[in-house]
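Top line first, the protein sequences correspond to chains L and R. Residue numbering for the first sequence follows UniProt numbering, beginning at 1 and increasing consecutively. Residue numbering for the second sequence follows UniProt numbering, beginning at 1 and increasing consecutively.
To be clear, the hints were calculated from the coordinates, so they are not data collected in a lab. Since this is a predicted model, take the numbers as computed values, not measurements. Glycine included, C-beta positions come from ideal geometry on N, C-alpha and C. Check each hint, because a few of them may be wrong.
[To be verified] Each pair of labels, with its calculated beta carbon distance range:
(1) R/ASP67 x L/LYS88: 51 to 59 Å
(2) L/TRP109 x R/PRO164: 15 to 23 Å
(3) L/ARG35 x R/VAL50: 24 to 32 Å
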Amino acid sequence: MTTEYAGLAGWTPAALPVPGEVRPVVSAPDPVLSRPGPEVDPTSDEVVRLAADLIATMRVSPGCVGLAAPQVGVSAQVFAVDVTGHPKALTVHGTFVLCNARVVEAARWKSGREGCMSVPDLTGDVKRASRLVVEGLLPGTGASVRLVTDGFEARALQHEIDHCLGLLFLDRVAGAHAIYQRKVYQ
Amino acid sequence: MSELAITVIGRDRPGIVADVAEVLARLGANLTDSTMTRLRGHFAMTLICVGPAAADVEAALAPLAADGQLLATVRAVAPDGAAVPTGEPYVLAVHGADRMGIVAAMTRVLTDAGGNVTDLSTRLTGSLYVVVAEVDLPPGTFDEVAGRLALAAAELGVGVSLRPADTDLL
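Chain L with its partners taken away, still in its complex shape:
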């Protein structure tokens, strides 16, 4: 039987036995972004390699706080998150990857404007829970973990779990008038 840990039980990217490679990030309307990803075997070599690649790709992408497998063209329920240092983050679990993650508790819904690397020209107002409990499996060991988080990390987790289910923030915008052209400043 798998042991269930609260938090990440000391997991860090160093636990992955392979170095990650940067993969190209795909943009909408690539159909992979709209397809629900299948559950994965978190102990498989393929998923471990994917986990390392997601972290590597996230790290070279400026401002990126999370990246899901469909965003690198792989339909699978795997994502990486790291909100370390973000000004809106409260609880921070550092860099981690979860497989087959599920939201098990969600409360205190708050509206916020979101953008996504895979929808580079638009933003949208989306309600997300600011108190969140997520369960998932760690890549490599396959250990089951339960993360209790809030604020910005909670928003990032919901956004990435949505990617794994084939949903973009566009599927959750608050109304017909809640998408905006994204503005980029230099």
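For this one, chain L is given, so just place chain R on it according to the hints.
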């Protein structure tokens, strides 16, 4: 490929969007950016389309407007490509008792500060007047603009708020 600016407005009824969109699709007019909304019982559509000539679209929409319930206009516009970002995004909200000149006074403050309105809606319900706008402001002007808006609002006897439309990139 000509770019067309099309407006359709008329008494609201179910099916206006489907009727107009069908005409455009049949002509091979690709509907790009648009807003379509109900304004006090009128349905107003503002569309940018790419494809056929303006005259063809006008002719095709004419039967829809024949009963006098819909007014359609079509004109060719020069494609201007992607909008150039002009500043940092903010959301302006104004509400208070209806009176003349609220939108004029508020947007004049924005314009004088080098700001640009990218989206704006107004609603009048009973005596309550509401304005919500997306505004780009030049960097570093927020405090001054907020102060001037507050002054203008005080003169009009309405409330105003200006807040950053900051985006979380995920």
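Cross-check of the supplied hints:
Taking the beta carbon of each, R/ASP67 and L/LYS88 are about 54 Å apart, inside 51 to 59 Å as hinted. A beta carbon spacing of about 21 Å between L/TRP109 and R/PRO164 agrees with the range 15 to 23 Å that was offered as a hint. With their beta carbons about 29 Å apart, L/ARG35 and R/VAL50 fall inside the hinted range of 24 to 32 Å.
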